[in-house]
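With the hints as your guide, set chain A onto chain Y.
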Amino acid sequence: MSPVRAELRKLLGLPTAWVGLVLGTLTAPVVLLLNAPYTRRAIAAGTLTDTSDLGLRDLGIGLIGPIVLGVIVVSSEYTSTGQDAPGARQLTATLAAVPDRLRLLVAKATALVLVVAAQAAVTTAATLTLTQVLYGEHAPAPAPARVVAAILYWTLTALLAYAIALISRNGIVPLTLLIINSSVVSVSYLLTKVTDLASYLPDIVGAQMFIGSADFPVEIAPVTAGLVMTAWVIALLVVGAVLFERRDV
Amino acid sequence: MITIDRISKTKSRTQILHEVTFEARPGRVTGFLGPNGAGKTSTLRILLGLDRPQSGTALICGRRYQKLDRPLLTVGALLDGSGAHRARTARAHLRWVAASNGLPDSRADEVLEVVGLTGDARKRAGRFSLGMSRRLGLATALLGDPAVLVLDEPVNGLDPAGIRWMREFLRDSAAQGRTVLLSSHLMGELAETADDVIVIDKGRIVIQGGLADVIGDHRTLEDAFFELTATEAGGPW
Numbered sequence: 000m001s002p003v004r005a006e007l008r009k010l011l012g013l014p015t016a017w018v019g020l021v022l023g024t025l026t027a028p029v030v031l032l033l034n035a036p037y038t039r040r041a042i043a044a045g046t047l048t049d050t051s052d053l054g055l056r057d058l059g060i061g062l063i064g065p066i067v068l069g070v071i072v073v074s075s076e077y078t079s080t081g082q083d084a085p086g087a088r089q090l091t092a093t094l095a096a097v098p099d100r101l102r103l104l105v106a107k108a109t110a111l112v113l114v115v116a117a118q119a120a121v122t123t124a125a126t127l128t129l130t131q132v133l134y135g136e137h138a139p140a141p142a143p144a145r146v147v148a149a150i151l152y153w154t155l156t157a158l159l160a161y162a163i164a165l166i167s168r169n170g171i172v173p174l175t176l177l178i179i180n181s182s183v184v185s186v187s188y189l190l191t192k193v194t195d196l197a198s199y200l201p202d203i204v205g206a207q208m209f210i211g212s213a214d215f216p217v218e219i220a221p222v223t224a225g226l227v228m229t230a231w232v233i234a235l236l237v238v239g240a241v242l243f244e245r246r247d248v
Numbered sequence: 000m001i002t003i004d005r006i007s008k009t010k011s012r013t014q015i016l017h018e019v020t021f022e023a024r025p026g027r028v029t030g031f032l033g034p035n036g037a038g039k040t041s042t043l044r045i046l047l048g049l050d051r052p053q054s055g056t057a058l059i060c061g062r063r064y065q066k067l068d069r070p071l072l073t074v075g076a077l078l079d080g081s082g083a084h085r086a087r088t089a090r091a092h093l094r095w096v097a098a099s100n101g102l103p104d105s106r107a108d109e110v111l112e113v114v115g116l117t118g119d120a121r122k123r124a125g126r127f128s129l130g131m132s133r134r135l136g137l138a139t140a141l142l143g144d145p146a147v148l149v150l151d152e153p154v155n156g157l158d159p160a161g162i163r164w165m166r167e168f169l170r171d172s173a174a175q176g177r178t179v180l181l182s183s184h185l186m187g188e189l190a191e192t193a194d195d196v197i198v199i200d201k202g203r204i205v206i207q208g209g210l211a212d213v214i215g216d217h218r219t220l221e222d223a224f225f226e227l228t229a230t231e232a233g234g235p236w
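Chains as they are written, first to last, in numbering that gives the first Met the number 0: chain Y, 0 to 248; chain A, 0 to 236.
Okay, chain Y solo, but in the shape it has when bound:
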């Protein structure tokens, strides 16, 4: 338990972690609010008839939170600790304290899951409550299973970011890759226009865990989507763990 406690402290002691926590928690509700006038008009005009995804649909934009958290759990270990000693990194202190590398990775993943699951629960609750307030009877409350799936998707995305950061050993590559893909231009989504196989990329398949109708080229059942997403995460975590175990620090 001690390593998990230490990892929770380390994570929550980083200013960047709080950027991820605040951004991730607030973005989805804020976007929902900003979209409200447009959505209301669409409902009134009858152009938006399927309202079952209202609220849940906006959760995707908040993924920046779990992505940042997942990445910095690793990248903060590799950041140089000062100009005096360019090669010096926190990882030295970390491995001196917990030299069993697998145990360390499990502790890090556990701390990350605890923080992100809590964040996801708060954000999902806030977003869905806001949806009820804004749209009332137009927005039926989603089934509990979909809410749980949304929280699970956030957590799996954080672990995916964690695994990619473990492989790349820095923050820039995974942050650029994942944030651009989840907010600016979804390369995965563009790929689905080319091949149906792209529907099984983590961010496309993961969304189908809790978003029903939407415009996915290949419809995948929520449970199948969850299993595919989990498989991605496990595969990348295994690669990251093997590399971390073998590399010299």
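Computed beta-carbon distance windows for the label pairs:
1) Y:Val193 / A:Gly61: 51 to 61 angstroms
2) Y:Ala117 / A:Leu58: 39 to 49 angstroms
3) Y:Val241 / A:His17: 24 to 34 angstroms
Quick caveat, the hints were computed from the structure, so don't treat them as lab data.
Treat the numbers as computed from the prediction; the structure is a model and nothing was measured.
Don't be surprised by glycine CBs; every beta carbon is placed ideally from N, CA and C.
Same frame as chain Y, but now just chain A:
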């Protein structure tokens, strides 16, 4: 007790350590001496489980570092820098390290006092001077009150008062029965501090023994060092 037994290491196809073998005993300060790039840090990193050797074993109290359950209670290590993320305060850094080995938060302030950083407890590590970083690194090493200290170039970046303080601290630690292994390229400094000396050059141990034995017929440790390493290099310096 530290036992290094026939450690060899190859990095980018160059062999950087050749069957390095030595011991550091309790109650003594063991100086690990060699020019930059001789293999001192590589050896210490293998000892601490950070890097892996191609062959050989490095044991602390008879066990590999990776097999120690709460290692900070056995070994205190000081490598490059402080090991603290620059956004963290000195106290926050020490507290997470303490927590990882089941030590209470109160240890953080205790070790800060030992190294004279009490007034800087709330300062972020990124704003520390080189000397302060070394002190913070040493404070981290002392958290678990370990019986073994492994220090890489501990006086680097310290001012004269800091060097003197470190020397006395290391002597006291050995006097209390601790095993103290420190690397240095500063011969004068080691001659003041060490009981035993191990000289490494180009990844090979060239001599080891008590300080007086290593100096032998030479005037100083420095003379002995240049004689030994120049012989290895096959010519005068």
